[in-house]
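K.L.:
I would like the entire structure built from these sequences, with the hints used as guidance.
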Amino acid sequence: MKQEMYYGRSFSSFEELKRAVTNYIDYYNNHRIKAKLTGMSPVQYRIHTSRMTS
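Here the working numbering runs 66 ahead of the position in the sequence shown, where the first position is 1.
No wet-lab data here; the hints were simulated from the structure.
Glycine included, each C-beta is placed from N, C-alpha and C at the ideal position.
There's no promise every hint is true.
[What the hints assert, rightly or not] Heads up, simulated SDA-like pairs for lysine to any residue below, C-alpha to C-alpha not over 20 Å straight-line:
{"no.": "1", "residue 1": "LYS100", "residue 2": "SER116"}
{"no.": "2", "residue 1": "LYS100", "residue 2": "ASN89"}
{"no.": "3", "residue 1": "LYS102", "residue 2": "SER116"}
[To be verified] Just the calculated beta-carbon pair ranges, DEER-fashion:
{"no.": "4", "residue 1": "TYR73", "residue 2": "ALA101", "range": "22 to 28 Å"}
{"no.": "5", "residue 1": "ARG85", "residue 2": "ILE113", "range": "24 to 30 Å"}
{"no.": "6", "residue 1": "GLU81", "residue 2": "ARG117", "range": "34 to 40 Å"}
{"no.": "7", "residue 1": "GLU81", "residue 2": "GLY105", "range": "30 to 36 Å"}
{"no.": "8", "residue 1": "GLY105", "residue 2": "GLU70", "range": "20 to 26 Å"}
{"no.": "9", "residue 1": "ALA101", "residue 2": "SER76", "range": "29 to 35 Å"}
{"no.": "10", "residue 1": "ARG117", "residue 2": "SER78", "range": "39 to 45 Å"}
{"no.": "11", "residue 1": "ALA101", "residue 2": "TYR72", "range": "23 to 29 Å"}
{"no.": "12", "residue 1": "ILE113", "residue 2": "TYR72", "range": "25 to 31 Å"}
{"no.": "13", "residue 1": "TYR73", "residue 2": "THR119", "range": "36 to 42 Å"}
P.N.:
This is the structure:
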């Protein structure tokens, strides 16, 4: 897990931490744009490349 997700933050409960981790994983896989992946999120890139090979 990336340190940037939790660095400098405190969580009042385990549920709050769990929610933050879940939200970060969703962001990381579905919304974060990577230049290396031709401007797509990791999930978009996976779908794109799988369609090219089919």
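K.L.:
Evaluate each hint against the coordinates.
P.N.:
So, going through the hints one by one against the coordinates:
1. For the suggested pair LYS100 and SER116, the alpha carbons sit about 18 Å apart, so the restraint of at most 20 Å is met.
2. A hinted pair counts as satisfied when its Cα atoms are at most 20 Å apart, and LYS100 with ASN89 qualifies at roughly 18 Å.
3. A distance of roughly 17 Å separates the Cα atoms of LYS102 and SER116; the hinted pair therefore holds under the 20 Å criterion.
4. In this structure the supplied range 22 to 28 Å holds for TYR73 paired with ALA101, their Cβ-Cβ distance being about 23 Å.
5. Distance hint for ARG85 and ILE113: a CB-CB separation of about 26 Å, consistent with the stated range 24 to 30 Å.
6. Against the hinted window of 34 to 40 Å, the Cβ-Cβ separation of GLU81 and ARG117 comes to about 38 Å, which satisfies the hint.
7. A hinted range of 30 to 36 Å for the beta carbons of GLU81 and GLY105 is consistent with their spacing of about 35 Å.
8. Distance hint for GLY105 and GLU70: a CB-CB separation of about 21 Å, consistent with the stated range 20 to 26 Å.
9. Taking 29 to 35 Å as the suggested C-beta distance range, the pair ALA101 and SER76 conforms, at roughly 33 Å.
10. A beta carbon spacing of about 44 Å between ARG117 and SER78 agrees with the range 39 to 45 Å that was offered as a hint.
11. Take ALA101 and TYR72: their Cβ atoms lie about 25 Å apart, and the range 23 to 29 Å holds.
12. Separation of ILE113 from TYR72 is about 29 Å and conforms to the stated range, judged on CB atoms against 25 to 31 Å.
13. Between TYR73 and THR119 the beta carbon distance is about 38 Å. The supplied range of 36 to 42 Å therefore holds.
Every hint, counting from the list given before, is met by this structure.
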